[in-house]
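Put together the whole structure using the sequences plus the hints.
Protein chains: 2
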Amino acid sequence: MTLHPFDTAEAALRAALPPACFRELTPAYLEEPRGRYASAGGLLIAPATTDEVATVLRICNDARVGVVPYGGGTGLVGGQMAPDGPMPVILSMERMTAIRHIDPDGFNMVVEAGVILEAIQKAAADADRLFPLSLASQGSARIGGNLATNAGGVNVLRYGNTRDLVLGIEAVLPDGTIHHGLSALRKNNTGYDLRHLLIGSEGTLGIITAATLKLVSRPSSQATALLAVPGPKAALELLSLGRKHLGEAISAFELMHRMGLDFLAEVGPDVRAPFETPPEWMVLIDVGTSGTLVAQDALEALFAEAFDGGLVSDGVISQSETQRAEFWAIREQIPEANRRIGSVSSHDISVPIAAIPGFIAEAPGRLAELGDWRINCFGHLGDGNLHYNVFPVHGKSRSDHDNLRPAIKACVHDLVHEMGGSISAEHGVGRTKVADLERYGDPGKLVAMRAIKAALDPMGIMNPGAVLPER
Amino acid sequence: MTLHPFDTAEAALRAALPPACFRELTPAYLEEPRGRYASAGGLLIAPATTDEVATVLRICNDARVGVVPYGGGTGLVGGQMAPDGPMPVILSMERMTAIRHIDPDGFNMVVEAGVILEAIQKAAADADRLFPLSLASQGSARIGGNLATNAGGVNVLRYGNTRDLVLGIEAVLPDGTIHHGLSALRKNNTGYDLRHLLIGSEGTLGIITAATLKLVSRPSSQATALLAVPGPKAALELLSLGRKHLGEAISAFELMHRMGLDFLAEVGPDVRAPFETPPEWMVLIDVGTSGTLVAQDALEALFAEAFDGGLVSDGVISQSETQRAEFWAIREQIPEANRRIGSVSSHDISVPIAAIPGFIAEAPGRLAELGDWRINCFGHLGDGNLHYNVFPVHGKSRSDHDNLRPAIKACVHDLVHEMGGSISAEHGVGRTKVADLERYGDPGKLVAMRAIKAALDPMGIMNPGAVLPER
Numbered sequence: 240m241t242l243h244p245f246d247t248a249e250a251a252l253r254a255a256l257p258p259a260c261f262r263e264l265t266p267a268y269l270e271e272p273r274g275r276y277a278s279a280g281g282l283l284i285a286p287a288t289t290d291e292v293a294t295v296l297r298i299c300n301d302a303r304v305g306v307v308p309y310g311g312g313t314g315l316v317g318g319q320m321a322p323d324g325p326m327p328v329i330l331s332m333e334r335m336t337a338i339r340h341i342d343p344d345g346f347n348m349v350v351e352a353g354v355i356l357e358a359i360q361k362a363a364a365d366a367d368r369l370f371p372l373s374l375a376s377q378g379s380a381r382i383g384g385n386l387a388t389n390a391g392g393v394n395v396l397r398y399g400n401t402r403d404l405v406l407g408i409e410a411v412l413p414d415g416t417i418h419h420g421l422s423a424l425r426k427n428n429t430g431y432d433l434r435h436l437l438i439g440s441e442g443t444l445g446i447i448t449a450a451t452l453k454l455v456s457r458p459s460s461q462a463t464a465l466l467a468v469p470g471p472k473a474a475l476e477l478l479s480l481g482r483k484h485l486g487e488a489i490s491a492f493e494l495m496h497r498m499g500l501d502f503l504a505e506v507g508p509d510v511r512a513p514f515e516t517p518p519e520w521m522v523l524i525d526v527g528t529s530g531t532l533v534a535q536d537a538l539e540a541l542f543a544e545a546f547d548g549g550l551v552s553d554g555v556i557s558q559s560e561t562q563r564a565e566f567w568a569i570r571e572q573i574p575e576a577n578r579r580i581g582s583v584s585s586h587d588i589s590v591p592i593a594a595i596p597g598f599i600a601e602a603p604g605r606l607a608e609l610g611d612w613r614i615n616c617f618g619h620l621g622d623g624n625l626h627y628n629v630f631p632v633h634g635k636s637r638s639d640h641d642n643l644r645p646a647i648k649a650c651v652h653d654l655v656h657e658m659g660g661s662i663s664a665e666h667g668v669g670r671t672k673v674a675d676l677e678r679y680g681d682p683g684k685l686v687a688m689r690a691i692k693a694a695l696d697p698m699g700i701m702n703p704g705a706v707l708p709e710r
Numbered sequence: 240m241t242l243h244p245f246d247t248a249e250a251a252l253r254a255a256l257p258p259a260c261f262r263e264l265t266p267a268y269l270e271e272p273r274g275r276y277a278s279a280g281g282l283l284i285a286p287a288t289t290d291e292v293a294t295v296l297r298i299c300n301d302a303r304v305g306v307v308p309y310g311g312g313t314g315l316v317g318g319q320m321a322p323d324g325p326m327p328v329i330l331s332m333e334r335m336t337a338i339r340h341i342d343p344d345g346f347n348m349v350v351e352a353g354v355i356l357e358a359i360q361k362a363a364a365d366a367d368r369l370f371p372l373s374l375a376s377q378g379s380a381r382i383g384g385n386l387a388t389n390a391g392g393v394n395v396l397r398y399g400n401t402r403d404l405v406l407g408i409e410a411v412l413p414d415g416t417i418h419h420g421l422s423a424l425r426k427n428n429t430g431y432d433l434r435h436l437l438i439g440s441e442g443t444l445g446i447i448t449a450a451t452l453k454l455v456s457r458p459s460s461q462a463t464a465l466l467a468v469p470g471p472k473a474a475l476e477l478l479s480l481g482r483k484h485l486g487e488a489i490s491a492f493e494l495m496h497r498m499g500l501d502f503l504a505e506v507g508p509d510v511r512a513p514f515e516t517p518p519e520w521m522v523l524i525d526v527g528t529s530g531t532l533v534a535q536d537a538l539e540a541l542f543a544e545a546f547d548g549g550l551v552s553d554g555v556i557s558q559s560e561t562q563r564a565e566f567w568a569i570r571e572q573i574p575e576a577n578r579r580i581g582s583v584s585s586h587d588i589s590v591p592i593a594a595i596p597g598f599i600a601e602a603p604g605r606l607a608e609l610g611d612w613r614i615n616c617f618g619h620l621g622d623g624n625l626h627y628n629v630f631p632v633h634g635k636s637r638s639d640h641d642n643l644r645p646a647i648k649a650c651v652h653d654l655v656h657e658m659g660g661s662i663s664a665e666h667g668v669g670r671t672k673v674a675d676l677e678r679y680g681d682p683g684k685l686v687a688m689r690a691i692k693a694a695l696d697p698m699g700i701m702n703p704g705a706v707l708p709e710r
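Protein chains in written order, with our numbering: chain H, 240 to 710; chain W, 240 to 710.
Be aware that one or more of the hints could be misleading.
Any copy, or any two copies together, can satisfy a pair, since identical chains are not distinguished.
To be verified - Here are the simulated SDA-like pairs of lysine to any residue, each with C-alpha atoms no more than 25 Å apart in a straight line: (1) 361 / 484; (2) 483 / 364; (3) 483 / 459; (4) 635 / 243; (5) 472 / 366.
If you are wondering where the hints come from, they were derived from the structure by calculation, not from laboratory data.
Below, the structure written as structure tokens:
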């Protein structure tokens, strides 16, 4: 199926849409955070309504013009890029930024795909509710991108991935058909779950234009602990103990290696961990409780028992919101420090939770066969999700190792695959991992995925080259 | 697409499968709980392995023979029935009953589709974990049927529907392709979510043969309250107040009308509510807490505040596990009492939670235009899900009103639809609601569903006539 460049449809698009939909394609649209891809160009269209999105897709479908959806541009796997092929329409959701409705009593809100994640969090908080999706790029990521990639983040342990926070969606299918599914229902067993099919499909099956999001109660009390642990295995045991004490009240359980602190000290940002001697392994535990239970007391009880049991050797429990924010800043600035150092290869992997210590023990030896590295391993331990990033040693830079990147990636991904894990835990497949999905993915699943793609997008216009290879 | 009767494939099936797969088609397979459908017959096959399931589907697909999946036979919408068309293969999961693996530390277990739900609950409890799916038919329902219909039940408020309790699935696609997706990962963003597509598809897209189920911590303390409330609106306010006190610790929040107690008194089973004068409206609240919080104390604090605020007028909090079971018995025996009375029309509906009082206020007046009825309204208030069942008055029987059933159903479903609700909250579409789905379903969703069905099951062999009309 050959696609055509956007200029074959441009006249029809300009005739059918208001002039305000056509915006200047500034360089920002052509870059992505990791600098692995550059878009060659395209026709930038920013519709203001769902009907306008439908018009774009219908015309592009008829003309066989590719459509690359664009949210906040924060994706880490190149899903928002158009590096090759006939120049597509770049469909930005930046003008669909309405919070259409918020219903605190019904614990839901309806937002358009272009709303910035942080604005959603704020609107929920203003209504005395919590929208728990939280991730490093929340100041610029748009919810449509979070939905398209089923984003994860730091609160998955308690509240689930993005898909678990969605009651209904409105979406446009590739031929321009609109699916009106903005249900606020908690139970609705009427046919196939299109919501979950479109969420996580990375713009390859249609465009989610709006969603009904679940809200939850705001915890009455919150506290964060930063604890030194003997190692990953003790961290897992601490999680088990924490669950016994706190049930679902543990919102985040993050593992960090000292390398993250070293990087922060080396290149900034200027945040410091509250330890005289930084421990090799740390966990950050975030707790939010309801009713009369005080989060800080609960963490202190947990710390006491864990200390007695040898699961933690040192630690601090936040005494104020300021201190809580300081602890979180350490965790949240690690990705920026990583960016400044410049990784040779970054991996967003998951394994069954119990396999985490084994993975962390095994990977360095395998990587050492390829060279000398600094490894910054951190992530969402409670979800079995690690960011396992490989950096050059002092005095070397990432570009010194460009030739080894594929081998490093294969080394890490092979081990993950052997352990029953996933080579994309929360970032998605995008363009970066298309070949990995073909290599590691279940053949039966790939058969079904190709059939679904062909059925819903027979012209292959939607985000061509993402997730599945172009036909 | 014309299907052929099973005898066109029987020789091939008998040649390819061990004799033990072929079982006697006793009358039990031809009936369903509501007595609305009877299967005309078929070839009963009970495979023991996933490979044997694949063999059945491959041969049936090649021969264009319909396959009707059969779990525990407890479905309430006729999805397990084969009332018309060329006689199909009836594919029973009754021999795939292994619990393949249980991992308490990883909070998951792998079960085959034929395991009885109660056996799964018990295995989880034996490993000091909770599998929270709980519903009236759990003593005979098989997990494969729960997965196929995305069953709901009494713990959805806290733990979600069946789909929310599944980490991965193993499934056979209609052409015999096996999807190996028994992942125990909490995060895995590698392509389209086949799991959620197959869950809730009611056997029309393939056969789920096994699943990795999520387990949760067992609450350290549990208690149940049975409270008299002034009406549905007060019940909703009580739920909000309860969430403030207890956060996610409320596992169930069930509404019951006095009619349920009247029915129990009239026809049994012999269970009694602990009120001298039965109130018109009651709620049953189930709470499970962790750590040092005692569930009974929390319920007492909630009761005190709710009583002062006029949200409850009377009530009892369980003082023992025996009493807790007694309260639950009232709720759980109502469906059996309903069955003995014999409904003219039963409705498994949901509306946005805030719309529940309006629905309960409006429906009786509309139904009164069609005749005199007794209405037993009960259900999962916290999920916005009511079982709104219409019964004949004393001295009449359901068969006196057979001609009115369609009008009653339309009356209730029209109102639900007007209020943005669902005509099938937790039971599914099956055969009963195929026309309703066509009538009330979103046209855009139906377009996508038909495309997906045609793509994955081009011969139309899977559960023909269920969910979507036969082509």
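These are the hints, each one checked on the structure:
no.	hint	verdict
1	361 / 484	between (30 Å within a copy, 23 Å between copies)
2	483 / 364	between (29 Å within a copy, 15 Å between copies)
3	483 / 459	both (20 Å within a copy, 8 Å between copies)
4	635 / 243	neither (43 Å within a copy, 69 Å between copies)
5	472 / 366	between (40 Å within a copy, 21 Å between copies)
Comparing the model with each earlier hint shows a violation of hint 4 alone; every other hint is respected.
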